[in-house]
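K.L.:
Listed here are the chains, written in short residue letters.
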Amino acid sequence: MKVIVFGCLAGTNPRPGRNHTAWALEKDGFLHWFDAGENCSRTMYFMGYRAEQIRRIFISHFHIDHFGGLPGLLGTLRRKKENLYTLPVYTPEEGIFPLMEELLRRTSSLYGGTELEERSLHAGSEAEMDGVKVSWRPNTHLAPDARGRSRSWSFKIEAEGKTIVYSGDVKSPDELGDWLRGPDMLLMETGHHSAPELCRKFKHENRKIGKLVFVHHGFEILDHYEETWNRARDIWDGELYFAEDGQVFEL
Amino acid sequence: MKIHIWGCLSGTEPMPGKHHTSWALEKEGALYWFDAGENCSRAAHLQGYDVRKIRKLFISHSHADHTGGLFNLFWVMCKLNALDRRKGEEPPQVAFELLAPDPELVELIKSQLFFLSGEKENPRIDVRKIREGVLCDEDGVRVETLRNHHIEPDARGRGTSWSFRVTAEGKTVIYSGDVRSTDDLAPFLEQGCDLLLMETGHHSAPELCRTWQERNYAIGRVLFMHHGREMLRDQGEVARRCEAIRGKTVSIAFDGMELEL
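Here the protein sequences come in this chain order: B and Z.
Using this note's numbering, you'd call the opening residue of the first sequence number 51 and step up by one each time.
Using this note's numbering, you'd call the opening residue of the second sequence number 2 and step up by one each time.
Wrong hints could be hidden among the right ones.
Unchecked claim - Only part of the chain Z face toward chain B is listed, based on derived beta-carbon distances under 8 Å:
(1) Leu47
(2) Gly49
(3) Thr68
Said to hold, decoys possible - Derived DEER-like restraints, expressed as beta-carbon distance ranges:
(4) B:Gln297 to Z:Leu84: 42 to 48 Å
(5) Z:Arg148 to B:Lys52: 46 to 52 Å
(6) Z:Gln236 to B:Glu152: 44 to 50 Å
(7) B:Phe269 to Z:Gly237: 38 to 44 Å
(8) B:Gln297 to Z:Gln236: 40 to 46 Å
(9) Z:Gly237 to B:Gly145: 46 to 52 Å
(10) Z:Gly237 to B:Ser175: 51 to 57 Å
Simulated from the structure, these hints should not be mistaken for laboratory data.
Just so you know, even glycine gets a beta-carbon here, dropped at the ideal spot from N, CA and C.
Just chain Z, with the same shape it has in the complex (with noise of 0.2 Å):
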């Protein structure tokens, strides 16, 4: 089992070699997907993985920066299948349920996309609003929310943001998300967890570290992502500061990083 750091910024300014959120989780060659910021599925493909293994996609929230790579995300699966047909094979039959506090925006990049490309059915992609609580818990993996105050929801509802609990093979990962604070991950942090995937983009990693500490969470490993300008400005520093707390139990994410569970 494998965490897959496909990207691992935040939507500060751009930084050389690192893009936009997105990770996933491998097991038997499905791919758990969380968040789709652009260049994910150049930088998955690259790295030699089909996209078309995506069993579930999970979005945290709307942000661009967690969802700017869905448009090219579906077309290289369109454009992988037509590549099959090249070769004068059938594509395999994509299908995946993607969960997302936003469905109608999902459902309008989908629309225009598969319009485009005149793929109807192949990707199939079942959109679905995540809700609190287990989204998912099949062929041992286990999905389960928790929201948190990154962003409000507007009048309609719109706008939730969400943190995440996976679980398979007897090894929990929280992802965070974007969170207003840690506290929003106290639920599931007081719990404890094997390695958790904590954003940056918006907090202080070695404060982080202290509060943890203080806290006497149980975190196996923490896998820092999302960088925001604290990262940016000095990551060495940051690294440091953070192993005078926690040791070497602390890393901080690039993109295309692989972590074994």
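If we strip away everything but chain B, and leave its shape as in the complex, we get (with noise of 0.2 Å):
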């Protein structure tokens, strides 16, 4: 079983060597897919995986640097023509699906293939599919919509016994609640939040959190990486990443 990130770059501005945020469970050549930031898709060719391997896509929130590469990655899958299937795309607030459908209608003159399926994340709080259980939970980084809904989301994947916790973006990590008892891996943002701050925190309230992986990386890592990276070493004694483009773990 392995994490894979395709995408680890927050919205500011373009990057050499990042893209915004996109990373996949594999677990038995299957991928459960979580956001979709621009080049999502091509990164994932080059890393040798085919987009037929998705088995579903979970969308955060509906900020371009979580979901600009959707409408590339749904279209390749919509190209193919031979073993097609129903994809879910889990989807974290109501009427840009059927944007993404209009989209890729009016953009692809081989508009086919699989079949895509739209399931809100507000009508449950988890799903399975072949041994892999995601559970989501509302966070605060969107205000609500007129309806009081939520719009933006954090998720956590369990699977042949070990947990991995996605924060999304959130507000503040105490959105995550009781998931930070414990997780095997921990993919937290830091376009938000300060990493070294985070360290301290999780320090402080004594977590246990088997690799502690910095993802969707903003101004402090980009522009003051070392300098960040020491100081966030230099409290935490755990397994720590700031990830890139292409990295994978294994699990």
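Dock the two chains into a complex; use the hints.
P.N.:
Given below as structure tokens:
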């Protein structure tokens, strides 16, 4: 079982060697995909994966740095003409998925192929497939919609006795609540938070986190990488990573 | 005056170092931008260009390898504005016209994007439907269109595809967009040009060179782009065969290429 990072950048200005946020859990040759920043399908291709390995897609929220590559990714899938299947796409708020479908219809004469099925994150709180259980809970990165419904989400993934927590974008790590009690891996966004400060907080709270992987890098890591790394490293004694595009973690 | 290639790949399988099609003519700091494949704004930004300097944006047709970067292009504009404000600077007011065969597609992208980013008025993008003839003639840049047969319109007139001729500072550049055949471009090619940006996603580059030679077209220089399987297989061999016909007046585009005009 692997966690594959296709893109590790937040929505800052563009940076060399880094693309917007996208990652997947690979288990038994299938991909359970989270977020889809620009260029994610291309990175996937060069890492030796194919779109038809994707079993389902979860989008944490509809900011471009988390879904700007979704049309490209879905478009790649829709070009398939054989071994078709229905791909569930879990969406964080209403109204955008139809836009995606319309976009695909208008941008490809090859529209057809694998069916996409929208599943709203509002409609439940977990979904299991092929031995991978994904749970989600709302966070307050985005203000709720006009009906008071959440528009941004965090995820917990359980498979083969391991637990992975993915923050999505959060206003505070406290929004992850009891999910921080001993995950094997925490994929934590640093686009809106200081990595050393997070390390200090987690240490102070005596969090037992197997692999602490910072993703969705913002200015602190991008502009002051070494200094930030050294500060975080001095605080956090456990396994610590600043994710890179193309990085693969064995679990 | 320069040509910038942001992306030179067609919608075949991905190719290392190459992204979907997008390029721009730079004149006096303004960018006349053609097509917007995925990664175009990132490429331009990383090459040192401010995407907010777009004066006009032309979309040849709506296929994803020509429009997949629009989302991020608009987003990067919004982000750069936000970064200016973060530094205590007032961002420039960005306003430009976007001419596309399917304005509804662009409006769909635009409306969602500005809702998501919180930007309402900057950038201000005026989306218009492409029409036959002269699309723009201002600040010394003239852009004309030619309808081609890469895709045929549906019953509602959607799905048209276009080629372009750009004239500036006494030079003429033809951009094929995607075409069914070089015959689609004949009305432009018969009048000659200094530079032809020609797609090879659907054509063999050496065969095109041979056809143009037989027809005696006065094409100063050819830049093949929008590369397809022929180039993917063996770009060096394609270049050798083209040079055998056209000599050194033929080049093969790469991402990040700059061409002085």
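K.L.:
If a hint holds in the structure, say so; if it does not, say that too.
P.N.:
Checked hints:
1. Leu47: 6 Å, holds
2. Gly49: 11 Å, violated
3. Thr68: Where the cut-off is 8 Å and the nearest Cβ of chain B is about 6 Å from Z:Thr68, the hint holds.
4. B:Gln297 to Z:Leu84: 42 to 48 Å: 27 Å, violated
5. Z:Arg148 to B:Lys52: 46 to 52 Å: Holds: the Cβ-Cβ distance is about 49 Å, inside 46 to 52 Å.
6. Z:Gln236 to B:Glu152: 44 to 50 Å: 36 Å, violated
7. B:Phe269 to Z:Gly237: 38 to 44 Å: 42 Å, holds
8. B:Gln297 to Z:Gln236: 40 to 46 Å: With Cβ atoms ~30 Å apart, the hint is violated.
9. Z:Gly237 to B:Gly145: 46 to 52 Å: 49 Å, holds
10. Z:Gly237 to B:Ser175: 51 to 57 Å: Given range 51 to 57 Å: holds, Cβ gap about 56 Å.
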